[in-house]
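Participant: Chain by chain, the residues run as shown.
Protein chains: 2
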Amino acid sequence: MVKKIPLSFRVGFAPAADAVPEEFVPASVPGNAQLDWANAHGYPDYRFADNFRLFSWMEDVFWVYKARIPATEVSGDERVFFTTAGIDYEFEILADGERLLYQEGMFTPVDLDLTAYVKSGTELTVVVYPAPKIPGLPADRSQAAASVKPPVSYGWDWHPRLIPSGLYEEVRLEVRPASFIRDAETRYLLTDGYRKADLTVDVSLSRPGGRVRWTLLDKKGEAVLCEERPGEESLSFSLKLPEVELWWPNEFGEQTLYTAVTELFDPLGNKLDEKRQRIGFKDLELKMHPRAGMDAETFPKGRNHAPVQMMVNGRRIFAKGSNWVHPEIFIGTITRETYEKQIELAKEAHFNLFRVWGGGIVNKESFFDLCDEKGILVWQEFPLACNNYVGTPHYLKILDRESESIIRRVRRHVSLAIWCGGNELFNDWSGMDEQSLALRLLASNCYRMDPMRPYMNTSPLFGMGHGNYVFRYPDGRDVYEVMPSCRRSAYTEFGCPGMSDPDILRSIIPGEELFPPKPGGAYEAHHAFGAWEGNTWLCPETVEYYFGESRTLEELVERTQFLQARGYVAIFEEARRQWPVSSMSLNWCYNEPWPSAANNNLLSYGGRPKPAYYAVKESCRPQMVSARVRKFLWKKGELFTAELFLLNDLFDALPAQRVRAVLRLPDGERELCLWNAPETAPTSHQEGPAAILRLGDYADCTLTLSVEAEGRPELSSVYEFLYRNPEHGKEKSEGAAALNQ
Amino acid sequence: MVKKIPLSFRVGFAPAADAVPEEFVPASVPGNAQLDWANAHGYPDYRFADNFRLFSWMEDVFWVYKARIPATEVSGDERVFFTTAGIDYEFEILADGERLLYQEGMFTPVDLDLTAYVKSGTELTVVVYPAPKIPGLPADRSQAAASVKPPVSYGWDWHPRLIPSGLYEEVRLEVRPASFIRDAETRYLLTDGYRKADLTVDVSLSRPGGRVRWTLLDKKGEAVLCEERPGEESLSFSLKLPEVELWWPNEFGEQTLYTAVTELFDPLGNKLDEKRQRIGFKDLELKMHPRAGMDAETFPKGRNHAPVQMMVNGRRIFAKGSNWVHPEIFIGTITRETYEKQIELAKEAHFNLFRVWGGGIVNKESFFDLCDEKGILVWQEFPLACNNYVGTPHYLKILDRESESIIRRVRRHVSLAIWCGGNELFNDWSGMDEQSLALRLLASNCYRMDPMRPYMNTSPLFGMGHGNYVFRYPDGRDVYEVMPSCRRSAYTEFGCPGMSDPDILRSIIPGEELFPPKPGGAYEAHHAFGAWEGNTWLCPETVEYYFGESRTLEELVERTQFLQARGYVAIFEEARRQWPVSSMSLNWCYNEPWPSAANNNLLSYGGRPKPAYYAVKESCRPQMVSARVRKFLWKKGELFTAELFLLNDLFDALPAQRVRAVLRLPDGERELCLWNAPETAPTSHQEGPAAILRLGDYADCTLTLSVEAEGRPELSSVYEFLYRNPEHGKEKSEGAAALNQ
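So the protein lines, in turn, are chains A and B.
Taking the numbering used here, the leading residue of the first sequence gets 1, the next gets one more, and so forth.
Taking the numbering used here, the leading residue of the second sequence gets 1, the next gets one more, and so forth.
It should be emphasised that the hints constitute simulated quantities derived from the structure, not laboratory data.
One or more of the hints may lead you astray.
Repeated chains share a single entry, so a pair holds when one copy, or any two copies, can fit it.
Stated by the list, open to error - Dumping the calculated SDA-like pairs for lysine to any residue here, alpha-carbon to alpha-carbon at most 20 Å: (1) 301 with 487; (2) 196 with 225; (3) 518 with 265; (4) 196 with 117.
My request is simple: use the sequences and hints to build the entire structure.
Facilitator: Structure below.
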């Protein structure tokens, strides 16, 4: 069997690939060289103020990792491998000064046979090159447009300029018998109405000989299929699984996982190696919505909306979720635990889809393992975002290998729903299109290597929509006004900003800058000002428009968080009310990789829910009462109107309900209407009556609308709107003044 | 050297693949079995009335071709091959009853080594299976949705139901030396601003040995590059061509053609084999137009218009042309001469692009040779149209091989501009989309095998437009009203119908049905009625709306042909005036495969121009004066308005012009305006003043607008509109009557 030998690395930097660092510090592996250096030299926390700028120089040096091979017993024809899932980004590997490998690309694993080069005491060196940059461009994402390095760390409107690199995945030596399993993969096609599966098993061995045993274990660990074959170097066989227990996304059924075990035995029956692969059985197609031809109805006729509605195991579903970004700037520090907390919160929020946006990394294996387990589908983009990735021969060569490596790894996960070329590539600010060679290459590789998995070139495609990312638009309309007039097949990005909690702000903003927030300084470094259009993401004029001046930091934070929560309720629910034309609602963004001052995220850094998280969780309940209210701010004399809906995402019908709409006003509660709603069919919704009330003369207040399902409080919903009446009280006192005269 | 031995075939039919036909008739090869049988049995002309229906039974039989191998001297290690560019559609080949090959697919060549099976007198049999049909569907194109058989012959709105099959390409025996060239292909990439080329030569030999000499001849036949290599079985080498004379589309420059000659010599220096490939050096990209983001300007943002603007050798051009359909129902009868006349007419009409629509065949080699020579770019679709080609394993397997064969053959032609998956696949009536496996396969094959050639999934894509196909819309607007309000990136299909000339009608319509045309009978069989929506393609109510009742066939034909010509002028020129948003204008359709009674074509069957051809030719002059007039029918008192333009498609500036607009009225000519136009930049246009006149009281007449470039009559244009005044004369006579009282 394979023996694993950990390596202990030191890291230093040098001005050239062949120069010797003046100093080495202990390296955390997995980790990032930049953070190792900062920790060893007592750098202040990069998350505070603009300390991240202290790391700038680290982009342009060579990081040199060194480790000595410990005393290792290697007997007979055993072989020694240096193995890791990836090294970020361009690097070479040397043994006692001899260069054994040069590679560009962080997603292609390294599995380097060192047997001929090493002995106990051999010095292994990994030289990591400077961050790839197109020369002559400003220090922003455009520098990343000629590499497969994720562009986000070059600076984004919610991510500082801070580019990590190095040994970000586990690195170890493995002593393997001469015969070992290079790879074993089981793939399937569901047949017979998703009841059975045709399996294909591909096994490659380091050399022929011995016997291979392949076993499929069900969720209880019991063998349901088994096959033994003579050990050929490359082995492929097919089997039929006569009965399949399907994997379902969160809330549509169980996340049943099987395990395929591939074992290699020598002629005497001794086990030499074993590989395990978890398998979930699922089919997922992207379909056009039923009105996809609505834009092609008049001459000259155009095309139908692009397909984006997910059909899972033959059932069309509404996809609820968010845009996932990796949870740490220093990706080497991400662990299964980092992921687990945040993915569990997504499950609890009734989410079933993450869009893993192309600006960031393809996450580590534990991310996909957790999504497999928790039923969160993954829309996986390749590392292209908001740039024009020109198809030069060099770029295409790297992209070809990197994308093959990504596909080969991730296609094994049942949670993988969709491949996508990258983010917003078919927009002016990127300038790519269907003819871009990089996208033609990705489409071809996905078809060749994973044909049954949908591939889309980018988001948005025709019919889909991105944005906006503010509560109140520059034209004065709020999201409650805008959303009902939209008609998109999928809302794959939209946002409402809110501030981080005061204690987080105190941990990143110097005390003297804390209140009131101002542009420049730490708030701007943490994306409260000038991050994007206008005063994003704090949007102080919006807060002031609704609430007037804020007197304390706590008050300001609370108000922005209130608006964020209310805005997300409007968008998530309206997208659902537009089913089946709309079938996807993914806010920008779910989490964040460092503590922001203000951002569109639902989870603060480290996975702490903002108030918006809880509001979204309510709006994503699979069965619920929902109210469409067409504006947020109300005035005296206006007809407050709430259009009532019952939403049902599930495969079960929602029984008949009595629904009551109640508006809480300063002078008491008013029941606006009672709706005797019949049964709501599966994956469907129904529209009820509109609840209407003319608003009287009150002082400024919050209007609370409660839509209650009788006897089913878990279906009921509560909404909050603002009522503003600057004239209130004035007339009365003027009247009183007049009487007094 | 290779010896070619013609074969003489007979053909008969049988009810099963292994049944023996009762009767054989002489077979024309290349040709079609159905026509051979009809000719031998004195069938009436399939083009007359509904005689094509006599061929229906022929769809479902097996056509059995037989030929005896003539006395053939085969010496030493020579080999005998049965070779053809394709057999339509599903077939098997037998030698003396032994089955040697079974194949489905008409575009994959057959090159069958018969050496072991044949001697003089051996009987070769080719059994062609019945036309592929999905069982249980009506007799229309939907039956073709599971095969790579072109669907048009299953019936279209301008093509009768008549499905040819058989040996439609040349078939011969070849006696080859043991060493011969299997294939030799030279490919290139233009470099250094289109001034130089990197060449790659791939040669495969039947067996290693001897020497290979590769020579590049320039257009005068002089060698400009030469390379000799030892004869390996598979040989690949690269060369640099330091100076390139580019190939240009019609009217943008010369159609310079080089020739690559690959010769194989035995060790003694005797030439064993030779292959020639003509090469034109051209680069063509599809680009987005400058306002491609105009639909993505508001939130939620969508995507940019798809790229469709052709950039040839670094210059953006306006593409003018038409939709080509194959010029004979019986494709086996098409020769170079059939193609040549029609392609020459396209060149004379200033066309530079044919869209070869996916309903039909991929044309024979001579079609592409002629397009190479005459500078007509080819937009080549794969044989998919207006159906949902479901990606079953069987269909994908055939499509995979057929598309590879098509790509491998056609990519060698410089005229090939664009690959396209097929026609109108992203519309409701087809139901395919980006996720359709057939299109993902085609995209992948085109990228793998011809990466520098643009590939698009279908037409229309986002931004492009198809239709309408009538002069006057159901809502009462005419094409002069509709077109200026459109804003499409490419008009890749649009039509105006007109009748065939009276002598053609007399050759296809029985005398008693000739006039007036009525639905049912021969007119309907020839698509004058009920072909598509409404009374297409005759549209009698449109003719009557403009002209009243027609008294003779000649008058009716003239009127429909007049409307067709006027309609095409409106569309072709408006598309050009919308440059650079619009960059393509391709009417439906150019030619026809049998004589129609009425159709949207410019060339009648056999290549005879209709009046519309000459009108379109005028509207496609690369430099010209053009007038936008926003309706066709005018009345008393209306302000006749002509917006003047100078159009310049060429790379040279159009010098300053004095332009005069003159309207010819019943009471004489009126000069409406004089425009002193400055120079018009290359590939550009300029808008001038509007020429305006209030229309007086005349009898019904034709208004003739002449826009004249002083001293440059070749730039001047003449337009005709209708003036209708039903009250004219009535008042006068009423007044006279009153006076008389």
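Participant: Looking at the structure, which of the earlier hints fail to hold?
Facilitator: 3, 4
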